[in-house]
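Undergrad: If you're matching them up, the sequences are chains A and B in order. Going by our numbering, the first sequence opens with residue 1, and the numbers climb by one from there. Going by our numbering, the second sequence opens with residue 1, and the numbers climb by one from there.
Mixed in with the good hints there might be a few duds.
A pair counts as met if it fits within one copy or between any two copies, since identical chains are not told apart.
[Claimed, not checked] DSS-like, lysine-lysine: derived pairs with alpha carbons at most 30 Å apart:
(1) 10 to 21
(2) 185 to 105
(3) 110 to 21
(4) 206 to 189
(5) 189 to 105
(6) 10 to 105
(7) 164 to 60
(8) 105 to 183
(9) 110 to 60
(10) 220 to 60
(11) 164 to 105
(12) 10 to 189
(13) 210 to 220
Calculated directly from the structure, the hints in this document are not laboratory data. Quick caveat: nothing in here was measured; it's all calculated off a predicted structure.
There are 2 protein chains.
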Amino acid sequence: MSDVDDRLIKLEMDVLAANDKVAAENRNYFAEHNILALNLVSSPGSGKTTLLCQTIDALKNEVPLMVIEGDQQTINDAERIRATGCRAIQINTGENCHLDAEMIKDASAKLVPEDNSILFIENVGNLVCPAAFDLGELCKVVVLSVTEGEDKPLKYPYMFNASKVMILTKIDLLPYLNFDVEKCKQYAKQVNPDIEIIELSSTTGKGMEKWVNWLKSHRK
Amino acid sequence: MSDVDDRLIKLEMDVLAANDKVAAENRNYFAEHNILALNLVSSPGSGKTTLLCQTIDALKNEVPLMVIEGDQQTINDAERIRATGCRAIQINTGENCHLDAEMIKDASAKLVPEDNSILFIENVGNLVCPAAFDLGELCKVVVLSVTEGEDKPLKYPYMFNASKVMILTKIDLLPYLNFDVEKCKQYAKQVNPDIEIIELSSTTGKGMEKWVNWLKSHRK
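Excised from the complex, chain A in its bound form (with noise of 0.2 Å):
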């Protein structure tokens, strides 16, 4: 192994270890107050902005709300956040692939969600970074959208075995697709007996009951 490896795997260890410590900080501040907080990753262009809008509108007269968003740059989604009406703070990444802990300890910090309230953070889209990263969520939420191909949970398996919760999008476009709904969730269960599974498309809005529902239960 050369000396480039080896500082590497000593160094990566280091990176989780330090952001394993801030992200059990922030599992303690949100447990602190009641907030039920939520990762939702996927690859770019899954629809996760466009789900996060239409939860807003679904659940904004019920339970406050608010959105961390992370990309590598511009602050699209936190402005079409801000147009239904919640609150949101976007963190731009840069070359950076994930966000970390610290990332959203200071956007936390400056945000100062209320209690009892769901955040939703928003990761940079990519399948493969954002997995080995607690935030301090309650659990990640894997966005898969149709148009992407039934094999994904097979090719990007560390992704969905982290995560508690796959929501299939776009099911809309379905007509359109060759894509195999029943051969995708039996990828998903074989790569992680326990996920569960809410097909959806934020377009129709079928599915948006089961997801919103998933959310109140899972609120104190």
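Place chain B on chain A using the hints.
TA: Showing chain B alone in chain A's frame:
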């Protein structure tokens, strides 16, 4: 800056320098054998493998073709390529988020691409990390599916800046989507004024001729 941050920056520079050295060796090897090597990058599920299968069908009687496939897990993509009659080798990166030059060096030694061939390297589906890693290719070709939304060049500018060509795929789905092609092209040019853009559907074949001609014109 913390000790971990400091070590991270130094190590990243060392990792990239070590990679660039091997990438230069690969580039020399490809030049000596007159191999046109292309690095296909995109989000998961943009349609890279389907595009490659169609490209192979269009070119296999004229040009020797070979494929190196990168995925975290599974040998699905190499099998799909081999079903076309084309030689292919699969690299599984495990937890890693991108191919590097050393992997391509090893895979090339096993595959032994023919002189005067086109070597397609299909990277791990990830719009972030592969941007920084030179594999020794002539250029990166970024594949963006119209289902992902037109804002992706602005949100992932490093990848679109690092690419010479953008192939806009799945254009057969445009009638069912709210996707502004002109805006997307404008965003891509904003982060990379020199980027060449090809609109394409692997399903209907529209745009394939332009892509195939691009390939032919870049052979020596």
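Undergrad: Hint by hint, say whether it matches the structure.
TA: Here is what the structure says about each hint:
1. 10 to 21: both (17 Å within a copy, 23 Å between copies)
2. 185 to 105: neither (34 Å within a copy, 36 Å between copies)
3. 110 to 21: Cα proximity of residue 110 and residue 21: one copy only (20 Å, versus 43 Å across).
4. 206 to 189: Within one copy only: 22 Å inside a chain, 37 Å across chains, cut-off 30 Å.
5. 189 to 105: This pair counts as neither: shortest intra-copy Cα distance 32 Å, inter-copy 35 Å.
6. 10 to 105: Classified as both: same-chain Cα gap 25 Å, cross-chain 25 Å, threshold 30 Å.
7. 164 to 60: Classified as within: same-chain Cα gap 24 Å, cross-chain 44 Å, threshold 30 Å.
8. 105 to 183: Neither. Shortest intra-copy (39 Å) and inter-copy (35 Å) distances fail the 30 Å Cα cut-off.
9. 110 to 60: Result: close within a single copy only, 21 Å intra versus 57 Å inter.
10. 220 to 60: Intra 17 Å, inter 61 Å, cutoff 30 Å: intra-copy only.
11. 164 to 105: Result: close within a single copy only, 22 Å intra versus 38 Å inter.
12. 10 to 189: neither (32 Å within a copy, 40 Å between copies)
13. 210 to 220: Answer is within; shortest intra-copy Cα gap is 18 Å, inter-copy 57 Å.
Comparing the model with each numbered hint stated earlier shows that hints 2, 5, 8 and 12 do not hold.
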